[in-house]
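J.: With the hints as your guide, set chains B and C onto chain A.
Take a look at the letters that make up each chain.
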Amino acid sequence: MAAISWLVATVAAIRAETPRVKTISLNVPGWTSHRAGQHVDVRLTAADGYQAERSYSIASAPTGQPLIDLTVERVPDGEVSPFLIDELRLGDRFEVRGPIGGYFVRDPAAVDPLLLIAGGSGIVPLMAMIRDRSKVMSRVPCTLLYSSRTPDDVIYATELHQLAQSGDGLRIIDTFTRVQPPGWTGYARRIDMAMISEVLETTGRKAQAFVCGPTPLVESAAEALVGLGLSPGQIKTERFGPSGG
Amino acid sequence: MAEPPVTRGFVGRRRTPDQGKRVPPGQYVTTDFPVLSAGPTPHTPLDRWTLTVEGLVAAPKSWSWQEFQALPSRDFVVDISCVTKWTRLDMRWHGVSVDTLLESVDLDKSAAFVIAYSDGGYTTNLPLADVVNDQAFVAYGYDGAPMTPEHGGPARLVVPHLYFWKSAKWIRGLRIVDRDQPGFWESFGYHNRGDPWLEERYSGD
Amino acid sequence: MDDQYTLDANAVGGMLMEIFGSDMTSVPSQCTHCGNVAQVGSLRAYGLNGPGVVLRCSICTEIVIRLVRRADGGFLVDARGASYLRL
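Protein sequences, first through last, are from chains A, B and C.
The numbering used here puts the first residue of the first sequence at 1, with every later residue one more than the last.
The numbering used here puts the first residue of the second sequence at 1, with every later residue one more than the last.
The numbering used here puts the first residue of the third sequence at 1, with every later residue one more than the last.
Because the hints were derived from the structure by calculation, they are not lab data.
Keep in mind it's a predicted model, so treat the numbers as computed, not measured.
Just to be clear, a hint being listed does not mean it is correct.
Said to hold, decoys possible - Below, computed lysine to any residue pairings styled on SDA-like, alpha-carbon distance capped at 20 Å:
#1 85/B / 43/A
#2 85/B / 178/B
#3 109/B / 129/B
#4 85/B / 230/A
#5 206/A / 223/A
#6 135/A / 63/A
#7 61/B / 151/B
#8 85/B / 69/C
#9 85/B / 79/A
#10 109/B / 178/B
#11 135/A / 67/A
#12 206/A / 230/A
#13 61/B / 9/B
#14 85/B / 72/C
#15 61/B / 77/B
#16 85/B / 67/A
#17 85/B / 60/C
#18 85/B / 164/A
#19 85/B / 233/A
#20 206/A / 67/A
#21 85/B / 135/A
#22 135/A / 180/A
#23 61/B / 175/B
#24 85/B / 80/C
#25 85/B / 63/A
#26 85/B / 50/C
#27 61/B / 99/B
#28 85/B / 86/C
#29 85/B / 26/C
#30 85/B / 48/A
Okay, chain A solo, but in the shape it has when bound:
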């Protein structure tokens, strides 16, 4: 009767994204399709029956296949993410349930310009939106404002660069808060109101905004967007927090 049940997932591929981040591709028989922005609950079971549960955003666009990608950041001293990053191998099995969340999702047919604001691994659900937009060949203007600590911490760097080169209306604006690339002339600070104001000048105030990242980044970005005249209905947020790693 349950509208949501645990499914057994098998690890089909593992890809390093950054020194602290990996993408885990899962084969999930019984998976029903998802929407960009949704997440799954992951449940690991130890040999003695002990279980640990966490939520991870789906990084891949819906494909119609029972395959999903999860991108996981290693939380120092965490319980689950260090296992997923350091120990997990091809063929290993654990449980997932989902897709979850009809709130932080974007309809790929929407026509309003898209403003995506990401901090660190907050890029993951937004990447699903970017991939979905590209997959359906949308030309809706889309701007990604992406805050990373250092250039080495940029997740999906190569793919984002390629998509931005494709000329379909995707624009990427990086800010590096700790270490900048040599000769960098772009933003080198935390996302703030002045930065969002400049970005909105090209995006326009009709944009639908999705903000995902650590709670302080989400709070300040959402406040800035409201302060710059967007209505609360135009802003969707997802906070990534230290809920156990």
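T.: Coordinates of chains B and C only, in the frame set by chain A:
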């Protein structure tokens, strides 16, 4: 329902208790200090902070932060068990015994229970008998440093022999009553007393 | 409200789905305390690793919904803080 598959190599962070009779049943030992909150972290300025004992007392008594700091205090090294199944051993707190606070008031003969109340609206209820005789203290230091807001600072109640939800963070007072009144979690499925050795987790346990 | 231990209720969407049988994160709810109407997924979630989950209004911070998972696998739901859920 099928058994969940064992994830190869996963053991989790918990450690199987090998402490003999020291760890309550169903608990695992951790070296973390998880942050558990039912709401936003309050940031009451110390110059506006008071601790009050009120209710069935001859006259209510309040201490300012300075007055509270001047009360006799000491280190308490205790084991803490959370209803979410972690136990942490030898946590070193610094604070004031509840006995010291109660010595400053004249308790009414009908006094039988204590409602601890906190900034942010959290409450928890305790039999008076569970907070006297040096069984409970109001801590403002942890591990040699002032108590951080996320762990309940500036001051929290600590009742080590009961599950940790009884140790109200951000405490502002104790209300002495004659009849028991279930608090935030006790009124919502959790056990009224919460003794980890009896695994009093849920109401009805 | 800048509190690093706050998440959005979207994070407990799986638990809500388990309880209610369908997605709750996009369901509008009205806060009994201040009248604000917001999708459940935008409420602030506390206590994800504690005794129970507390969902609070993002405007007035009062409690809208409390959820406790019982030992028998069932749930207790206290929705006194929601004057309605538009299902």
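J.: If a hint holds in the structure, say so; if it does not, say that too.
T.: For each hint, the structure was consulted:
Note on residue 85/B and residue 43/A: the hinted pairing holds, with a Cα-Cα distance of about 17 Å set against a maximum of 20 Å. Taking the CA atoms of residue 85/B and residue 178/B, the gap is near 32 Å; set against the 20 Å cutoff, the hint is violated. For a cut-off of 20 Å, the pair hint linking residue 109/B to residue 129/B stands: about 13 Å separates their Cα positions. Under the criterion of a C-alpha separation no larger than 20 Å, the hint pairing residue 85/B with residue 230/A is inconsistent with the structure, at around 44 Å.
Taking the CA atoms of residue 206/A and residue 223/A, the gap is about 17 Å. The hint holds against a cut of 20 Å. Distance restraint check for residue 135/A and residue 63/A: the Cα-Cα separation of roughly 9 Å lies within the 20 Å cut-off, and the hinted pair is therefore satisfied. Among the hinted pairs, residue 61/B with residue 151/B is inconsistent with the structure: their alpha-carbon atoms are about 25 Å apart, more than 20 Å. A hinted pair counts as satisfied when its Cα atoms are at most 20 Å apart, and residue 85/B with residue 69/C qualifies at roughly 14 Å.
With a C-alpha separation of about 15 Å, the suggested pair residue 85/B and residue 79/A falls inside the 20 Å cut-off, and the hint holds. For the hint pairing residue 109/B with residue 178/B, the CA-to-CA distance comes to about 9 Å; that is within 20 Å, so the pair holds. Restraint check: the Cα-Cα separation between residue 135/A and residue 67/A comes to about 16 Å, which is no more than 20 Å; the hinted pair holds. At most 20 Å may separate the alpha-carbon atoms for a hinted pair to count; residue 206/A and residue 230/A meet this at roughly 8 Å.
For the suggested pair residue 61/B and residue 9/B, the alpha carbons sit about 56 Å apart, so the restraint of at most 20 Å is broken. For the hint pairing residue 85/B with residue 72/C, the CA-to-CA distance comes to about 16 Å; that is within 20 Å, so the pair holds. Distance check on the hinted pair: residue 61/B and residue 77/B sit about 28 Å apart at the alpha-carbon level, beyond 20 Å; violated. Between residue 85/B and residue 67/A, the direct Cα distance comes to roughly 35 Å. Violation of the 20 Å bound is thereby established for this hinted pair.
A C-alpha spacing of about 32 Å is found between residue 85/B and residue 60/C, which places the hinted pair above 20 Å, so the restraint is violated. In summary, the hint linking residue 85/B to residue 164/A is not supported, as the alpha carbons are separated by about 48 Å, beyond the 20 Å threshold. A threshold of 20 Å between alpha carbons decides the hint, and for residue 85/B with residue 233/A the separation of about 40 Å lies outside it, so the pair is violated. Straight-line distance between C-alpha atoms of residue 206/A and residue 67/A comes to about 34 Å, which puts the hinted pair past the 20 Å bound.
Among the hinted pairs, residue 85/B with residue 135/A is inconsistent with the structure: their alpha-carbon atoms are about 45 Å apart, more than 20 Å. As the CA atoms of residue 135/A and residue 180/A are separated by approximately 31 Å, the hinted pair breaks the 20 Å bound. The straight-line distance between the Cα atoms of residue 61/B and residue 175/B is roughly 11 Å, inside the 20 Å bound, and the hint therefore holds. A threshold of 20 Å between alpha carbons decides the hint, and for residue 85/B with residue 80/C the separation of about 28 Å lies outside it, so the pair is violated.
For the hint pairing residue 85/B with residue 63/A, the CA-to-CA distance comes to about 40 Å; that exceeds 20 Å, so the pair is violated. Among the hinted pairs, residue 85/B with residue 50/C is consistent with the structure: their alpha-carbon atoms are about 10 Å apart, no more than 20 Å. A hinted pair counts as satisfied when its Cα atoms are at most 20 Å apart, and residue 61/B with residue 99/B qualifies at roughly 14 Å. Straight-line distance between C-alpha atoms of residue 85/B and residue 86/C comes to about 36 Å, which puts the hinted pair past the 20 Å bound.
In summary, the hint linking residue 85/B to residue 26/C is not supported, as the alpha carbons are separated by about 32 Å, beyond the 20 Å threshold. Distance restraint check for residue 85/B and residue 48/A: the Cα-Cα separation of roughly 16 Å lies within the 20 Å cut-off, and the hinted pair is therefore satisfied.
When each numbered hint is compared with the structure, violations occur for hints 2, 4, 7, 13, 15, 16, 17, 18, 19, 20, 21, 22, 24, 25, 28 and 29.
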